[in-house]
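Trainee: Protein chains in written order, with our numbering: chain B, 24 to 410; chain Z, 24 to 410.
No wet-lab data here; the hints were simulated from the structure. For glycine and all other residues, C-beta sits at the position ideal for the given N, C-alpha and C. Each hint should be verified, as a subset may be incorrect.
What the hints assert, rightly or not - Covered by chain Z, per the in silico footprint, the following chain B stretches (three or more residues, Cβ under 8 Å):
hint, segment
1, 29–36
2, 39–53
3, 124–131
4, 271–284
To be verified - Each computed PhoX-like pair below joins lysine-lysine, with the alpha-carbon atoms no more than 20 Å apart:
hint, chain 1, residue 1, chain 2, residue 2
5, B, Lys145, B, Lys344
6, Z, Lys48, B, Lys151
7, B, Lys48, Z, Lys151
8, B, Lys184, B, Lys208
9, Z, Lys152, B, Lys34
10, B, Lys25, Z, Lys39
11, B, Lys152, Z, Lys34
12, Z, Lys394, Z, Lys406
13, Z, Lys25, B, Lys39
14, B, Lys142, B, Lys208
There are 2 protein chains.
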Amino acid sequence: MKNFEFHNPTKIIFGKGQVENIGRKAAEYGQNVLLTYGGGSIKKFGLYDEVISLLEKEDLNIFELGGIQSNPRLSKVIEGVKICEENNIDIILAVGGGSTIDASKAISVGYYHDGDLWKMIKNDGDFKKALPLGTILTLAATGSEMNGNAVITNWNKKEKKAIHEAKYPDFSILDPTNTYTVPRKHTVFGIVDIASHVFEQYFSHTKSSYLVDSWAEDILKNLIKKSSVVLSSPENYEARADIMLASTMAFNGIIGMGKEEDWASHAIEHAVSAVYDIPHGAGLSIIFPNWMRYVLASGEEKFAQYGIEVFDIDPQGKTDKDIALEAIDETRNWFDRMDAPATLDYYDISRDDLDLMADKAVEDGKIGNYKKLDKNDVLKILKMSYN
Amino acid sequence: MKNFEFHNPTKIIFGKGQVENIGRKAAEYGQNVLLTYGGGSIKKFGLYDEVISLLEKEDLNIFELGGIQSNPRLSKVIEGVKICEENNIDIILAVGGGSTIDASKAISVGYYHDGDLWKMIKNDGDFKKALPLGTILTLAATGSEMNGNAVITNWNKKEKKAIHEAKYPDFSILDPTNTYTVPRKHTVFGIVDIASHVFEQYFSHTKSSYLVDSWAEDILKNLIKKSSVVLSSPENYEARADIMLASTMAFNGIIGMGKEEDWASHAIEHAVSAVYDIPHGAGLSIIFPNWMRYVLASGEEKFAQYGIEVFDIDPQGKTDKDIALEAIDETRNWFDRMDAPATLDYYDISRDDLDLMADKAVEDGKIGNYKKLDKNDVLKILKMSYN
Numbered sequence: 024m025k026n027f028e029f030h031n032p033t034k035i036i037f038g039k040g041q042v043e044n045i046g047r048k049a050a051e052y053g054q055n056v057l058l059t060y061g062g063g064s065i066k067k068f069g070l071y072d073e074v075i076s077l078l079e080k081e082d083l084n085i086f087e088l089g090g091i092q093s094n095p096r097l098s099k100v101i102e103g104v105k106i107c108e109e110n111n112i113d114i115i116l117a118v119g120g121g122s123t124i125d126a127s128k129a130i131s132v133g134y135y136h137d138g139d140l141w142k143m144i145k146n147d148g149d150f151k152k153a154l155p156l157g158t159i160l161t162l163a164a165t166g167s168e169m170n171g172n173a174v175i176t177n178w179n180k181k182e183k184k185a186i187h188e189a190k191y192p193d194f195s196i197l198d199p200t201n202t203y204t205v206p207r208k209h210t211v212f213g214i215v216d217i218a219s220h221v222f223e224q225y226f227s228h229t230k231s232s233y234l235v236d237s238w239a240e241d242i243l244k245n246l247i248k249k250s251s252v253v254l255s256s257p258e259n260y261e262a263r264a265d266i267m268l269a270s271t272m273a274f275n276g277i278i279g280m281g282k283e284e285d286w287a288s289h290a291i292e293h294a295v296s297a298v299y300d301i302p303h304g305a306g307l308s309i310i311f312p313n314w315m316r317y318v319l320a321s322g323e324e325k326f327a328q329y330g331i332e333v334f335d336i337d338p339q340g341k342t343d344k345d346i347a348l349e350a351i352d353e354t355r356n357w358f359d360r361m362d363a364p365a366t367l368d369y370y371d372i373s374r375d376d377l378d379l380m381a382d383k384a385v386e387d388g389k390i391g392n393y394k395k396l397d398k399n400d401v402l403k404i405l406k407m408s409y410n
Numbered sequence: 024m025k026n027f028e029f030h031n032p033t034k035i036i037f038g039k040g041q042v043e044n045i046g047r048k049a050a051e052y053g054q055n056v057l058l059t060y061g062g063g064s065i066k067k068f069g070l071y072d073e074v075i076s077l078l079e080k081e082d083l084n085i086f087e088l089g090g091i092q093s094n095p096r097l098s099k100v101i102e103g104v105k106i107c108e109e110n111n112i113d114i115i116l117a118v119g120g121g122s123t124i125d126a127s128k129a130i131s132v133g134y135y136h137d138g139d140l141w142k143m144i145k146n147d148g149d150f151k152k153a154l155p156l157g158t159i160l161t162l163a164a165t166g167s168e169m170n171g172n173a174v175i176t177n178w179n180k181k182e183k184k185a186i187h188e189a190k191y192p193d194f195s196i197l198d199p200t201n202t203y204t205v206p207r208k209h210t211v212f213g214i215v216d217i218a219s220h221v222f223e224q225y226f227s228h229t230k231s232s233y234l235v236d237s238w239a240e241d242i243l244k245n246l247i248k249k250s251s252v253v254l255s256s257p258e259n260y261e262a263r264a265d266i267m268l269a270s271t272m273a274f275n276g277i278i279g280m281g282k283e284e285d286w287a288s289h290a291i292e293h294a295v296s297a298v299y300d301i302p303h304g305a306g307l308s309i310i311f312p313n314w315m316r317y318v319l320a321s322g323e324e325k326f327a328q329y330g331i332e333v334f335d336i337d338p339q340g341k342t343d344k345d346i347a348l349e350a351i352d353e354t355r356n357w358f359d360r361m362d363a364p365a366t367l368d369y370y371d372i373s374r375d376d377l378d379l380m381a382d383k384a385v386e387d388g389k390i391g392n393y394k395k396l397d398k399n400d401v402l403k404i405l406k407m408s409y410n
C-alpha cells in the first residue's frame with residue numbers, strides 16, 4: 024500500500040424525496056442562487072418546476088444558466104462566472120449530470136480567478152477559494168457529485184482538460200428516482216463510465232490493500248448485476264439506488280486509497296471526444312477493452328484476479344494470460360449486452376484524425392502507469408478500436 | 024435501502040512516516056497545543072519524543088494531559104477542559120487509541136459547554152462548537168479516528184455513555200508502524216472491536232444495498248485473513264496497514280449507509296465494563312456470539328448470507344438455520360483462535376451483578392433493532408455468556 028491522504032468533505036443526502044430539502048439547504052448559504060442545468064430534460068420531467076418552487080418558498084433570488092451540454096464548454100463557464108459577478112451569487116446549484124456539475128465547479132473556482140480562465144484550467148492550479156456549490160444529481164455516471172474534479176472543453180481549440188481537487192460540492196442530493204427517466208443509452212454510458220473509473224484505479228502495479236481491491240471488485244459486480252435490472256426495469260428503485268451509489272463510491276477517493284492509478288483510457292477518450300463530440304461513456308466503451316488487450320503483457324496477474332473475482336472465471340488449468348483474455352472478452356460481452364458501442368466506426372470517426380487525437384492524448388507527456396503510453400502506443404490502441 | 028445522509032469531514036493521512044507532518048499540521052491551527060495520551064507506551068516506544076520534537080521545531084507551546092485510561096473517565100475530561108480554558112488551547116492533539124481520542128473529543132466539545140459536563144454527555148446533544156482536534160492513532164480498534172463519536176465513563180456513577188456526531192477529528196495520522204508494538208492481546212481486542220462494528224451495521228432487516236453489504240463482508244474477510252498474519256508477524260506492514268484501514272472504514276459511516284443498525288451488543292458490553300473495568304474488545308468477544316445465537320430466530324437469512332459470504336460455507340442441502348449456526352460457530356472459533364475471551368468467568372464477573380448490568384443496558388429503553396431487547400433478554404444473553 025502506498026502512503027495516501029483521503030479527505031472528502033461533500034455531504035451526500037441520499038434517497039427518494041430528498042430534493043424537498045433543497046430550499047432550506049440553499050438558504051443556508053445566502054439569498055442569491057445560480058441554478059445551472061443542461062438541456063430540457065429537467066423541465067420536461069418536472070424537476071425544474073419542483074426546484075424553483077422550493078427555492079421560491081425560501082424567498083431566494085434565482086438566476087439561471089441553462090443549456091449546459093455534455094462535454095461542457097469553456098464558453099458556458101465564462102457566461103456563468105459573469106452571472107455570478109453581476110449578481111453576487113451566494114451559491115451555485117447544479118441540477119443535472121456530470122457535465123452540469125463540472126461546469127458549475129469551474130464557475131465556482133473561476134469566480135475567484137483573475138485572468139485567462141482557460142489558462143487556469145490547463146494549469147490545474149491550486150484552487151484556494153470557491154463559491155459554495157450544491158448539486159441535485161440526475162444521472163449516475165461521472166462521480167462528480169462527490170469529488171473535486173471537472174472536465175471542461177475549449178471547443179475553439181478542440182482541447183478538453185481536467186482540473187482536480189478544485190471544488191468538492193458542499194452537498195449533493197442523490198435521489199435515485201431522478202434517474203428513472205434517463206434514456207436507456209445514457210443509462211448505459213453512465214454505467215460504462217462508472218466501470219471505467221473503477222478500472223482506472225484497480226489496474227495498478229501497487230501491491231494493493233486487500234480491502235480496497237475487493238471494494239473495487241464489488242462495485243463492478245454490483246454494476247454487472249444491476250445493469251440488467253435497470254435496463255429491463257428503469258423504475259426499479261433498489262437497482263437505480265445501487266447504481267447511483269456505485270457512481271458516487273467509484274470516484275470519491277475510496278477505491279484509490281494507497282494505489283498508483285492509471286487514467287490513460289480517460290485521456291485517450293478525452294482526446295477523441297475533443298475532436299468528435301461523442302458521449303464520454305460511449306468512447307470509453309470503445310477504448311477500454313482495447314486498452315486492456317494492449318497493456319495486458321505489462322501484468323497478466325492483475326487481469327487474472329479481475330477475471331476470477333469479478334466474472335467468477337474458473338482458473339483450473341488456465342494460465343494467468345488465459346484467464347485475463349477471458350476476462351477482457353467478458354468485459355466486452357457485458358458492454359455488448361448493453362448495446363454500448365464497440366468501435367470508432369460507430370461514430371464515423373475518420374482514420375485521418377487519429378494522428379491529431381493521439382497528439383492531443385500525449386500532449387503533456389506519456390500517459391498511464393500500468394504501461395506508460397507514448398503517441399505510438401495511443402495510435403495502436405485507436406487503430407485496434409476499428410472493425 | 025433507507026434514505027440517509029453521509030458526511031465525514033476527517034482528513035486521513037495514512038502510511039509509514041506520516042507522523043513527521045504533525046508539527047506543520049498542528050501549527051495551522053495556532054500556537055497552543057494540548058497533547059493528550061494514555062499510559063506510558065508512547066513514551067516507551069519513542070513516539071512521545073518524536074511528537075514533542077516535531078512540535079517544538081514549530082515553536083508551539085505544548086501542554087499535556089497524560090494517563091488517559093481505557094474506558095476513559097469523566098474526571099480526565101474535566102481536567103482536560105480546565106487545561107484548555109487556562110491556556111487558550113488552539114488544538115488538541117490526541118496520541119493513542121480510541122480511549123485517548125474519545126476523551127479528547129469530549130474535551131473538545133466540553134470546552135464550549137457551560138454547566139454539568141456529565142449531563143451534556145448523557146443528553147448526547149447537538150454539539151455546535153468544538154476545539155480543533157488532530158489524532159495520531161496507535162491502536163486499530165474503535166474507528167474513533169474517523170467518526171464523531173466518543174464513549175465516556177463516569178466511574179462514580181458506574182455509568183458509561185456515548186456521544187454521537189459530536190466532533191470529527193480534523194485530521195488523523197494513521198501510520199501502521201505505530202501499531203507494531205501493540206501487545207498481542209490488545210491487537211486481538213482491537214480486531215474483535217472492528218468486527219463488532221461491522222456486525223452492528225451488517226445485521227439488519229433493511230433490504231440492503233448489495234454494495235454496502237458486500238463492503239461490510241469484505242472488511243470481515245480482510246480481518247479474518249489478516250488477523251493470523253499480524254498475530255504471527257506483528258511487524259508485517261501490509262497486514263498492519265490493512266487492519267488499520269479496516270478499523271477506520273468499519274466505523275466511519277460508509278457501511279452503515281442506508282441501513283437500520285443494531286448496537287445492542289455494544290450497549291450490553293458498555294454496561295458490563297461500566298461495572299467491571301474489562302477491555303471493551305474482550306467484552307464484545309464474550310457477548311457477540313451469544314447475541315447472535317439469541318437473536319437468530321428474528322432473521323435466519325441474513326446470518327446464512329453472513330456464513331456463505333464471509334466463511335465460504337457451502338449451502339448445499341442446508342437450511343438457513345443450519346448455515347447460520349455454522350457461521351456463529353465459525354465466529355466463535357475465529358475469536359478462540361486469537362485467544363479472545365469466551366465467557367464472563369474469564370474476568371470473574373459475579374452473577375450477582377448481572378441484574379445491575381442488565382438494568383444499565385436498558386436504562387434508556389429497549390436496545391437493538393434486529394430484535395428489540397428488554398431487560399429480560401439482556402439477562403438471558405448475559406447468562407448464556409458463562410461456562
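Trainee: Under the constraints set out in the numbered hints, which ones does this structure not fulfil?
Mentor: 3, 5, 8, 14
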